[in-house]
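Q: Knowing the structure of chain A, use the given hints to seat chain B on it.
Protein chains: 2
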Amino acid sequence: MAVNLPVPELHQLHAVSGVTLGVASAGIRKGGRKDILVVALAEGTRVAGVFTQNAFCAAPVQVCRSHLSASSEIRAWVVNTGCANAGTGERGLADAQETTRMLAELLRLQPEQVLPFSTGVILEHLPMEKLRLGIDQACGVLGEASWLDAAQAIMTTDTQPKAASTKVMVSGRPVTITGISKGAGMIRPNMATMLGYIATDAGVSQALLHDLVSEAADESFNAITVDGDTSTNDSFVAAATGASGVVFSSAGDPQWPLFRDAFIGVCRQLAQAIVRDGEGATKFITIRVIDAVSREEARQVGYAIAHSPLVKTAFFASDPNLGRILAAIGYSGVPGCDVNKIRVALDDVLVAEYGGRAKGYSEADGQRVMQQSEITVTVSLGRGGAQAVVYTCDLSHEYVSINADYRS
Amino acid sequence: MAVNLPVPELHQLHAVSGVTLGVASAGIRKGGRKDILVVALAEGTRVAGVFTQNAFCAAPVQVCRSHLSASSEIRAWVVNTGCANAGTGERGLADAQETTRMLAELLRLQPEQVLPFSTGVILEHLPMEKLRLGIDQACGVLGEASWLDAAQAIMTTDTQPKAASTKVMVSGRPVTITGISKGAGMIRPNMATMLGYIATDAGVSQALLHDLVSEAADESFNAITVDGDTSTNDSFVAAATGASGVVFSSAGDPQWPLFRDAFIGVCRQLAQAIVRDGEGATKFITIRVIDAVSREEARQVGYAIAHSPLVKTAFFASDPNLGRILAAIGYSGVPGCDVNKIRVALDDVLVAEYGGRAKGYSEADGQRVMQQSEITVTVSLGRGGAQAVVYTCDLSHEYVSINADYRS
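Sequence order for the protein chains is A and B.
Counting from 300, one number per residue, gives the positions in the first sequence under our numbering.
Counting from 300, one number per residue, gives the positions in the second sequence under our numbering.
Chain A on its own, in the form it takes in the complex (with noise of 0.2 Å):
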């Protein structure tokens, strides 16, 4: 039932040179489907991530963390679904540092060069003995397995695998840049978690790398969300091999506003491929604020309209119901707010202004568009010249049929 979200095509997404892959069943939780993918970096790739914030992260976001901080050559990621590895102490953390000590021999690397991931179940342990098989069978494949497969080893609740890949030129030389993400909620405990990947073939280098990832995470995945939960386990890395032979050491590079926009592009469709699948989603909304006076008042406005349980239940009903716009915009905390600036429009239609019903609107137009799998709401604040942008979905009875009857 996901939103305008065609399934991947394998020729679609381009291989990207200095990254090899490989996936395993190891049954972690259920038997049949992938649930271990492994991916191996050539030497020279720069590696940078962003991780949730939430304080009762899981053990192998700390380990991340650790690695990150600890070696500069990153080289081997391990996922793995089923178990979130989450609320589980100390002996979570022994489990995820043993994970990249197992992946680590395999590959005749270090225990800090290889970054663990994991998502499912929380406050369960990981079986540590399956979870050793998985990880042999996936080395003893590396670089057979396609992006897609990738896609496909990383899901959980996902009604669909989650892909994105484009190609740029640079100087005359092909740049690739291709990513996956898993997540249907923005949390989900028991089966939890975003997680968003992506790599590159052009060279860049660890500090401009850092950067991107914070920006890129800033206009995607911290700009989407289904329910307003965060996970313990979200995580968002990029890898950049070199492997193109384009390398970029400078945000002043002329080239570099390129691929920058390149790159940002495919994780926003990443982001967004989380928001279409959102549980129970039937609708894909867009929710821009302008005229603020800073980025955050603009995203805390968004925000405020995203999570509004009223504001989504009126979207699934297609009901252009105005006050309950109006009302989150009014409680969403802004100092000294003057709601007579305010405008209002759903796509092209102005809805409300002046703090009131927008002069020659009509309920056809504003039911016209609201009858669309994707809409647009832009909100003028009308007292600054910042924007941001939030996506989000409807909230429907299927979101509470998923969550009710999850764990049963």
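Hints should not be assumed to be uniformly reliable.
Since the list gives no way to pick out one identical chain from another, each pair is judged satisfied if it fits inside one copy or across any two copies.
DSBU-like cross-link-like pairs, simulated, lysine-lysine; straight-line CA separation at most 30 Å [stated by the list, open to error]:
| id | residue 1 | residue 2 |
| --- | --- | --- |
| 1 | Lys658 | Lys329 |
| 2 | Lys658 | Lys429 |
| 3 | Lys429 | Lys333 |
| 4 | Lys466 | Lys333 |
| 5 | Lys640 | Lys658 |
| 6 | Lys466 | Lys329 |
| 7 | Lys429 | Lys466 |
| 8 | Lys658 | Lys466 |
| 9 | Lys429 | Lys329 |
| 10 | Lys658 | Lys333 |
| 11 | Lys333 | Lys640 |
Calculated from the structure, these hints are not laboratory results.
A: Showing chain B alone in chain A's frame:
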């Protein structure tokens, strides 16, 4: 379908000397139901109120604030349902002022001595002619209505009237406290709003009453949430007539704590009734956060849990899904929160400690508590001496149905 909320019985709702009530059916939105309440207050009555913090506050809220600051002799309240007079601009303000003039004329008061309240559809103008006839009619039967009639007259989508009443002996004299409330979501922008009215025949000085109302709101109406949305019209006002002969002029009065506690107790009942009748509610949840650094921090954690759609659907499903509660605590934004110090209990069952599942916790114990219609979640943050309580309900299919189908 309200959770453990008996319909108040007439004989349980004590009349308050100095307060007379009149109700009428004005057909504001639909015919055949009471939709106007007039409350007349004896000379010398002190009145105080608190109102929505929503920037899109309704016209009557603006008039209430203005009249409360202009006049120390509020003598009447008028409430209409069916139309919220919110998002109605200048004309809405003029209509709310005209409403106070209508009632003032009939009761021989100044318009500034009248407080107007509206709840119902927003973005529509008040039908002033119907309103005038309704107010006429209600004044014609002033003194004939009971508090139960009053509670019924302010209902919108509430499934039942909400009222509470008590008597306390102060220095040998009986003092009465009686109140009514309405609301089923924290906001229903089309048929909006939480309203609370409470009256006592104790005499309370203006300053003391003002402080009492703030404190009582903090312990009751500000501690409840159904869906986290804040209405444009929320209002809670209190009247102290002094007709009992008991007078409080200072919080230092030795009898004050007795009266204060009884007053807050009635407010808490009125507020909890709103949650018990929450849209689609099947469970009443008390979230008690203890051992916090500050009350604000405790409340922040309480609301993070209470607003999480994942936690709420888990309650609906009677699923002891600890991960969702732990994750909500984790992202509540308490700075420097040490997850290893946090303990979580469902009623008397300790479910989590040291960042994971509690030793000795069995799913069967959690399951047993989750199946109850009333559940207390206790969270110890293990970092201070402050605490706060938040009351909420679960998130059911019915919530989505009510809010998606609402205007159709």
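Q: For each hint, tell me whether it holds in the structure or not.
A: Comparing the hints with the structure gives:
1. Lys658 <-> Lys329: between (57 Å within a copy, 26 Å between copies)
2. Lys658 <-> Lys429: The answer is between: 25 Å across copies meets 30 Å, while 65 Å in one copy does not.
3. Lys429 <-> Lys333: within (13 Å within a copy, 67 Å between copies)
4. Lys466 <-> Lys333: within (28 Å within a copy, 67 Å between copies)
5. Lys640 <-> Lys658: Within one copy only: 14 Å inside, 56 Å across.
6. Lys466 <-> Lys329: neither (36 Å within a copy, 62 Å between copies)
7. Lys429 <-> Lys466: Answer is neither: 38 Å inside a copy and 67 Å across each miss the 30 Å cutoff.
8. Lys658 <-> Lys466: Close neither inside one copy (47 Å) nor across copies (53 Å); limit 30 Å.
9. Lys429 <-> Lys329: So Lys429 and Lys329 pass the 30 Å test inside one copy only (11 Å; across, 65 Å).
10. Lys658 <-> Lys333: neither (56 Å within a copy, 33 Å between copies)
11. Lys333 <-> Lys640: For Lys333 and Lys640, the Cα distance exceeds 30 Å both inside one copy (53 Å) and across copies (37 Å).
Checked against the numbered hints listed earlier, the structure breaks hints 6, 7, 8, 10, 11; every other hint is satisfied.
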